[in-house]
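Starting from the known structure of chain B, arrange chain H on it as the hints suggest.
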Amino acid sequence: MFTTKSTVILLKAAALGVSVSILSACSIAAPKTEIAYAEAALQSARNADLNGNAGVQLERAASKLQKAKEEMKGGDNATALRLANEAIADANLAQAKAQAGIASDSEADMQKSLEMLKTQLK
Amino acid sequence: MKILTVKKLLIPAILVTLASGCAELQKPQSLLDAEKAYSQAANSASVLKYATPELNTAKKTLMSAGASENKEDMASLAYIANAQIETALTKAEAQQAHQNTKDLMAQKEQLIVSAIDAKKARAQNKLATMQQRVVSMEESRAEEEILLAFGNIEFVTGTADLVPGAVSGIDLLAEYMIAHPTKTIVLSGHTDNSGSAELNMELSQRRADFIRDVLVSKGIAAERITAIGYGQSQPIVPNDTREGRQRNRRIEIKFAN
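From first to last, the protein sequence lines are chains B and H.
Under the working numbering, the residues of the first sequence are numbered 1 to 122, in order.
Under the working numbering, the residues of the second sequence are numbered 123 to 379, in order.
These are calculated hints, taken from the structure and not from any lab test.
Covered, in the sense of this in silico footprint (three residues per stretch, anywhere, with C-beta under 8 Å from a C-beta of chain H), are these stretches of chain B:
hint : segment
1    : 71-82
2    : 94-101
3    : 115-122
All C-beta atoms in this analysis are idealised placements derived from N, C-alpha and C, irrespective of residue type, glycine included.
Just chain H, with the same shape it has in the complex:
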């Protein structure tokens, strides 16, 4: 009877002990939460990019938690896994912020470089404009000198021959055209109303052609020079005085680029 009592007590006790030792522990909510959080973190591109080591650590902790043989260890490891997953997420956020800061810094530098370039370009344009103005002023002055010299050119009446000493204007014009190879000119020959209009037309053309030929002989390309005779058709003053007629016998020059 005594033996049977011991038997009755011991056998169930041993069976219960064995059963409880073999049974898998039920996962606490904290571990289930950690597993869910891990799945979400493992699908985050930024976590995979910036915090893979931290994520792997959390995974190992979760596996240890799942294999725990007592509730206390399981709960503790679940707590640690949760903290490690949050650490991974936080580290990814930090790294992303670092990257964003770098990108913003690059944008700022690019803006500064662009602003400096734009300022340089403005300064260069201003300088170029000023230089162009100086060149234009110099050209204008040279052209004025030429026009002044041409204003004093005199032809022997009724011929296309220059009076002695009247070549300085042509020399100036030739030098100017050599120095400015893109310039072209239009030479207009004019006469007073002495003689017939038809002869004057022919005479004015010959005078304009004469100047052109002299320029060509000095090395200026013929296609840069247009010579036109207008005869007596475009007087600038009345022909009723000697002085007026002299002024109307003229060669006009128009410059073009």
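For reference, chain B alone in the conformation it holds in the complex:
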């Protein structure tokens, strides 16, 4: 059924499709903004972690960020973008853990203080 001409057309179309796919894969820009944002979020979380409650999350975010940088350097921007976004999520979680730790310590201190006061007033 296929003629030589039609086969050639079909092959050209397939080649075009592959080219588009390759081009679209290459069209992802280097995620410099996401990496910069992840760095800022990580730094902010480190600063917030006064009581060392977010060590695991901070380490995870730092590791993801490092890998994102490496992938971007290696030209795999898609993987770099995913890793940068994951690093941002980890950094935000680290920030929340740090703040929750401080809040929890503060509550415990206040509870102790209240108990001491009650004892003093007895």
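Frame of chain B, contents of chain H only:
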């Protein structure tokens, strides 16, 4: 033959490509876990109260993950969604801890205020007690002075007439009762055993009534004064000497509030 071979190879290849492009990706376990965690978080009162924006962000990420066209994006978005859900839960915990701290602080302040109030009340009670003691001492001293003055009151024998100069005790008593309007008194009239007991009873009543009338004339309400005559029935010393009989002719006063 050559054409047919190309046909045989290309058609299945195209069909496979189309089929794989249209088929929905199977969700990885991490995404299923994230969806489950989201459902639980969405039912948590504290998350809804304190971390709704974070929960909404996680929801959007989950939707993006579900619509992903490749496994890598889906897995990555599932990871991010899990982290965002945990962030929402953690933020809710932190906010709850903040609220608990505030509540504890309020309890502490209330305790301090109550303790200060109790201390003030104790000090005021102590002061009031001391003031009452001072007042009582002053009243006692005044009453003693009155009793002393009444102890020197003398009546002309056989009459209810005071001897001259015996009014100072009544004046003192009148002033005292005006200054202390809640005070009431009982005046008891007594005689020596000169004369008949019946006459002495009448005489003692007249003497007590006389004092009461003088007090009323000075502005003291009559209902504050009870006057009773006991005659010669309650001597405080024997009547066998002049001095003893003089002491038994007396007016006694009892104060009450």
